[in-house]
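A.B. asks: Residue strings, one per chain:
Protein chains: 2
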Amino acid sequence: MRHSQTLIPTLKEIPADADAKSHQLLLRAGFIRQTVSGVYTYLPLGHKVLKNLEQIVREEMEKAGVTEMLMPALQSSELWKKTGRWYKLGAELMRLHDRHDREFALGATHEEVITSLLRDEVKSYKKLPLQLFQIQTKFRDEQRPRFGLLRGREFVMKDAYSFHTSQESLDQAYDNMYQAYSKIFSRCNLNFRAVIADSGAMGGKDTHEFMALAEIGEDTIAYSDQSDFAANIEMAEVNITYPQNEKALQDLELVDTPGVKTMADVAELLQQPVEAGIKSMLFKVDEHFVLVLARGDREINDIKLQNALGAQEVELASAAETEELLGTEIGSIGPINLPNNIEIVADHAVAMMRNVYCGANQAGKHYIAANLDRDFHVDRYDDLCFIKEGDPSPDGKGTIQFAKGIEVGQVFKLGSFYAEKLGAQYLNEQGKQETMTMGCYGIGISRTLAAIVEQHHDEHGIIWPKEIAPYNVHLIVINPKQEEQAALAEQIYTELQAANISVLFDDRQERPGLKFKDSDLIGLPLRLTVGKAAVDGYVESKQRESGDQQDIHINQLVEKVNELI
Amino acid sequence: MRHSQTLIPTLKEIPADADAKSHQLLLRAGFIRQTVSGVYTYLPLGHKVLKNLEQIVREEMEKAGVTEMLMPALQSSELWKKTGRWYKLGAELMRLHDRHDREFALGATHEEVITSLLRDEVKSYKKLPLQLFQIQTKFRDEQRPRFGLLRGREFVMKDAYSFHTSQESLDQAYDNMYQAYSKIFSRCNLNFRAVIADSGAMGGKDTHEFMALAEIGEDTIAYSDQSDFAANIEMAEVNITYPQNEKALQDLELVDTPGVKTMADVAELLQQPVEAGIKSMLFKVDEHFVLVLARGDREINDIKLQNALGAQEVELASAAETEELLGTEIGSIGPINLPNNIEIVADHAVAMMRNVYCGANQAGKHYIAANLDRDFHVDRYDDLCFIKEGDPSPDGKGTIQFAKGIEVGQVFKLGSFYAEKLGAQYLNEQGKQETMTMGCYGIGISRTLAAIVEQHHDEHGIIWPKEIAPYNVHLIVINPKQEEQAALAEQIYTELQAANISVLFDDRQERPGLKFKDSDLIGLPLRLTVGKAAVDGYVESKQRESGDQQDIHINQLVEKVNELI
Numbered sequence: 058m059r060h061s062q063t064l065i066p067t068l069k070e071i072p073a074d075a076d077a078k079s080h081q082l083l084l085r086a087g088f089i090r091q092t093v094s095g096v097y098t099y100l101p102l103g104h105k106v107l108k109n110l111e112q113i114v115r116e117e118m119e120k121a122g123v124t125e126m127l128m129p130a131l132q133s134s135e136l137w138k139k140t141g142r143w144y145k146l147g148a149e150l151m152r153l154h155d156r157h158d159r160e161f162a163l164g165a166t167h168e169e170v171i172t173s174l175l176r177d178e179v180k181s182y183k184k185l186p187l188q189l190f191q192i193q194t195k196f197r198d199e200q201r202p203r204f205g206l207l208r209g210r211e212f213v214m215k216d217a218y219s220f221h222t223s224q225e226s227l228d229q230a231y232d233n234m235y236q237a238y239s240k241i242f243s244r245c246n247l248n249f250r251a252v253i254a255d256s257g258a259m260g261g262k263d264t265h266e267f268m269a270l271a272e273i274g275e276d277t278i279a280y281s282d283q284s285d286f287a288a289n290i291e292m293a294e295v296n297i298t299y300p301q302n303e304k305a306l307q308d309l310e311l312v313d314t315p316g317v318k319t320m321a322d323v324a325e326l327l328q329q330p331v332e333a334g335i336k337s338m339l340f341k342v343d344e345h346f347v348l349v350l351a352r353g354d355r356e357i358n359d360i361k362l363q364n365a366l367g368a369q370e371v372e373l374a375s376a377a378e379t380e381e382l383l384g385t386e387i388g389s390i391g392p393i394n395l396p397n398n399i400e401i402v403a404d405h406a407v408a409m410m411r412n413v414y415c416g417a418n419q420a421g422k423h424y425i426a427a428n429l430d431r432d433f434h435v436d437r438y439d440d441l442c443f444i445k446e447g448d449p450s451p452d453g454k455g456t457i458q459f460a461k462g463i464e465v466g467q468v469f470k471l472g473s474f475y476a477e478k479l480g481a482q483y484l485n486e487q488g489k490q491e492t493m494t495m496g497c498y499g500i501g502i503s504r505t506l507a508a509i510v511e512q513h514h515d516e517h518g519i520i521w522p523k524e525i526a527p528y529n530v531h532l533i534v535i536n537p538k539q540e541e542q543a544a545l546a547e548q549i550y551t552e553l554q555a556a557n558i559s560v561l562f563d564d565r566q567e568r569p570g571l572k573f574k575d576s577d578l579i580g581l582p583l584r585l586t587v588g589k590a591a592v593d594g595y596v597e598s599k600q601r602e603s604g605d606q607q608d609i610h611i612n613q614l615v616e617k618v619n620e621l622i
Numbered sequence: 058m059r060h061s062q063t064l065i066p067t068l069k070e071i072p073a074d075a076d077a078k079s080h081q082l083l084l085r086a087g088f089i090r091q092t093v094s095g096v097y098t099y100l101p102l103g104h105k106v107l108k109n110l111e112q113i114v115r116e117e118m119e120k121a122g123v124t125e126m127l128m129p130a131l132q133s134s135e136l137w138k139k140t141g142r143w144y145k146l147g148a149e150l151m152r153l154h155d156r157h158d159r160e161f162a163l164g165a166t167h168e169e170v171i172t173s174l175l176r177d178e179v180k181s182y183k184k185l186p187l188q189l190f191q192i193q194t195k196f197r198d199e200q201r202p203r204f205g206l207l208r209g210r211e212f213v214m215k216d217a218y219s220f221h222t223s224q225e226s227l228d229q230a231y232d233n234m235y236q237a238y239s240k241i242f243s244r245c246n247l248n249f250r251a252v253i254a255d256s257g258a259m260g261g262k263d264t265h266e267f268m269a270l271a272e273i274g275e276d277t278i279a280y281s282d283q284s285d286f287a288a289n290i291e292m293a294e295v296n297i298t299y300p301q302n303e304k305a306l307q308d309l310e311l312v313d314t315p316g317v318k319t320m321a322d323v324a325e326l327l328q329q330p331v332e333a334g335i336k337s338m339l340f341k342v343d344e345h346f347v348l349v350l351a352r353g354d355r356e357i358n359d360i361k362l363q364n365a366l367g368a369q370e371v372e373l374a375s376a377a378e379t380e381e382l383l384g385t386e387i388g389s390i391g392p393i394n395l396p397n398n399i400e401i402v403a404d405h406a407v408a409m410m411r412n413v414y415c416g417a418n419q420a421g422k423h424y425i426a427a428n429l430d431r432d433f434h435v436d437r438y439d440d441l442c443f444i445k446e447g448d449p450s451p452d453g454k455g456t457i458q459f460a461k462g463i464e465v466g467q468v469f470k471l472g473s474f475y476a477e478k479l480g481a482q483y484l485n486e487q488g489k490q491e492t493m494t495m496g497c498y499g500i501g502i503s504r505t506l507a508a509i510v511e512q513h514h515d516e517h518g519i520i521w522p523k524e525i526a527p528y529n530v531h532l533i534v535i536n537p538k539q540e541e542q543a544a545l546a547e548q549i550y551t552e553l554q555a556a557n558i559s560v561l562f563d564d565r566q567e568r569p570g571l572k573f574k575d576s577d578l579i580g581l582p583l584r585l586t587v588g589k590a591a592v593d594g595y596v597e598s599k600q601r602e603s604g605d606q607q608d609i610h611i612n613q614l615v616e617k618v619n620e621l622i
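Chains A and B are the protein sequences, given in the same order.
The letter at position 467 of the first sequence is residue 524 when you use the numbering used here, and the numbering goes up by one with no holes.
The letter at position 69 of the second sequence is residue 126 when you use the numbering used here, and the numbering goes up by one with no holes.
Heads up, a few of these hints could be off.
As the list makes no split between identical chains, a pair holds if one copy fits it or if it spans any two.
Said to hold, decoys possible - Computed cross-link-like contacts, SDA-like style, restricted to lysine to any residue with a CA-CA straight-line distance of at most 25 Å:
id	residue 1	residue 2
1	Lys108	Gln554
2	Lys572	Met338
3	Lys108	Ala121
4	Lys538	Gln548
5	Lys574	Gly316
6	Lys184	Gly570
7	Lys478	Gln236
8	Lys145	Arg159
9	Lys139	Asn394
10	Lys589	Trp143
11	Lys145	Asn364
12	Lys599	Leu614
13	Lys422	Ala544
14	Lys180	Ser94
15	Lys538	Asn485
16	Lys69	Lys183
17	Lys454	Thr222
18	Lys523	Gln112
19	Lys461	Glu380
20	Lys180	Arg568
21	Lys180	Asp564
22	Lys138	Arg152
These aren't lab readings, by the way, just hints derived from the structure by calculation.
Put together the whole structure using the sequences plus the hints.
C.D. replies: Below, the structure is given as structure tokens:
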């Protein structure tokens, strides 16, 4: 591609409202432009990258036996009402009316459309399993669109859906998809982790998020430094065998702790370590109240609590509810002398503690040397706390580290939620109606594009991995008016294209310095500069990532370039 | 692709609500399904065809130096208000509000978005001309969606835009695009005509529509049987040198013609040929009235009239207006004794007529032997009538025929309408601000898909041209349970794919008859049937279009298949 035939509007300045590095660089290098908040035009270079990503996804999906199709963006509200998501998704779902006043959603995702399609077209177990995908523009009216392509309102997704007659078949498709995703993100040169995630309110079970590690990421990942274990911190199991505290039991004692609120404050006042105390928190769990106990140095994880109790909803009790139930303020509650209707659940660590201090359910007072079974009881134990950096990895290999991640993909065992709501049934081998079992699998393609830039750049610009780069070679001619240089550049341009090596040819009448700056910013793998040595048939190469330079003779052009890109 | 891994829900019956052949066949062969009126899902086979078409368009655009990009579907109402199209497009433009109650259009076309992009990013003549295209889903809320993909509400388009500093540069891009379109539709095996069309209200000048000839088409094309002349009948010039009627002038006479209304009725009553009379029609042209005269056998073309008079609006005068101005009814009006304030314009044919009959502006009366200049005058002559089958072609070569056409593409010299409204200016070589000149160029990709089916089918199903076909070979095994057959089929499947020949492998456990019926319906270029001859390494081939059959030995497979597809 000749620069003069395309539109690459590079910017010198960092755009004022762009916080994320990828956002800044994609704007500055002329890959994208915002049209309205959270909505972008992909300029020619951005479009090339998008197509390269789509091609990788398409190839790996096809290898995995997943078949491409294309569903519409316009979706009847009827479908969304049947699954309840018309009401549940709120303002995030973009909606419109047609000329006959019928309601539509703009597709944020396609479970409804594809499940009703399969309901109508697949009537027998013989036609299952089926794995289908599409690459399509999606719409989601984010409350706060930001970070450019990382959180937009119109974006490109690959979404796939699988349909099964059994859990085993779903498990197989899930593993299949998991492997395909790993290949895709590896081909994208992303540093990523497949992270155990929360299945949330979608009604499903197993789910993994594929997270590209990046400081700008909005999710925190707990991962092992010695294995491939990784989980969203909301989900990471704490797998520690706590030793029994063997000290002799001391007598329970009530002490004054005026004005102290936090575990750290109490520890300091009592001159005891934080981990010798018990943290007590009162939760409202589906209309009844539960006191949760944890070792003082641990944070209680309400998602674990919700999952452990099989609850629909979990929230902290308010100050008023606490006062009414326990007669005291939130900072002074504890497990001793509780009303009978309050269940007490505790993190596993609590079982092994002795002579602990804890709130006394009286303002400004704590107990010390409280002991389990003698002074208070626990109804049940579970894994209820957040994992911490330095904890042993739950798989027994290595130590937990934290990192920030951008969610670029998710695989999800949906189960039969959508199939039930939409009546997607088939006849089994015995001729009986059964409901289909489903999985869904997404990749944010435009978000992946931005995540790659987050991981692959330096202070001068983007550094595209070879398979993603809009072109592999940036051809620059120092003085296009000089005959030998112009001729050699044209020859190189022709020869590389004939060898199927994609080239961006900067044929502009501009200063070399400006061309080099643009070239670093755009970040193609290899730059070829045609300058004075053109008279001898030489061109200078520079690798974008390593900065390594060498002179290449035109006779060895294709061979050398193939080595260097 | 194995049939068992994909979704091809063929139908035996013709769907009740599908009128167009392409609609019926695409539904029956399992290429598409409607989700709501005018909105379709492309099933795996339909999606393949769509991608093949997109690839042809992309390749020809790139060869023509047009660069791909991608603009968003969500478009701010602000832009559309600036060009006035927010109000002009009415219900056809789909509209929505976001969570902050800002108004958006769903892109029906992208002149507004790209012109404002170029306004912001291109400031100098040095960066022009530019030719950009995208392939994208468009939305148009048709009053009456019908004929499946021929007139949908969500559809796939290629839209291109060019920006220039001069009319010559635009002319060049237009010719360039015209040539590329001709190549594209030729590669699609379409019988098409590039047709001179009306530029309508878009403010532009030259425009051609690319029409695929098909009975179901909504447009009528006038084309020459001996040249490449073709025009929309609204636009086709009538280029006839009428001979002067040399008869002696007779005396004007008023005759009774009670109750007759049409030219044919009058002709019969007067026992004269229709072409010896003058047809008179009163039009309201931008608030003044014009009487239009034509030879009795010709139809007056109001678009030609509008263009000839440079008018904004042309409509027939109402009965009340006619009565008020001429004191009579519409069927009795004529050019003699008109009020002075009514301009009289006539088709060229009228100038050569003598002794004509015409309306007398009195109910139930006509004049006979009326003569130009003696009895009535004409203010100006022009080409004002529709062309007719049998007329000489305007280019002097051959005779005019009519055909129905489906508009699959359009090229359009927009001029500076959008650039002016949106302030798209650049600095010229003298450092002065000038407004850009634009062209726009569309191809309805999903409509082209349907047009191909309209032209390529028989009573058994679709007959896909090779480059468009979802797969090139349909591999059928008569008895998959028979070991030699199964093994040979697998071998063929593997070998063809290795040779880059795409194959749909019907591996279903179904009756051969059903497989053959589906195969004819789906319409891939070549069918290979593995049956009893498998033991000897033979497979039977059948070309879908010619029906020619031959046996192929596995040792010659790839070579023979390449010959036959």
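A.B. asks: Would you pick out the hints that fail for this structure and give their numbers low to high?
C.D. replies: 2, 5, 7, 9, 10, 13, 17, 19
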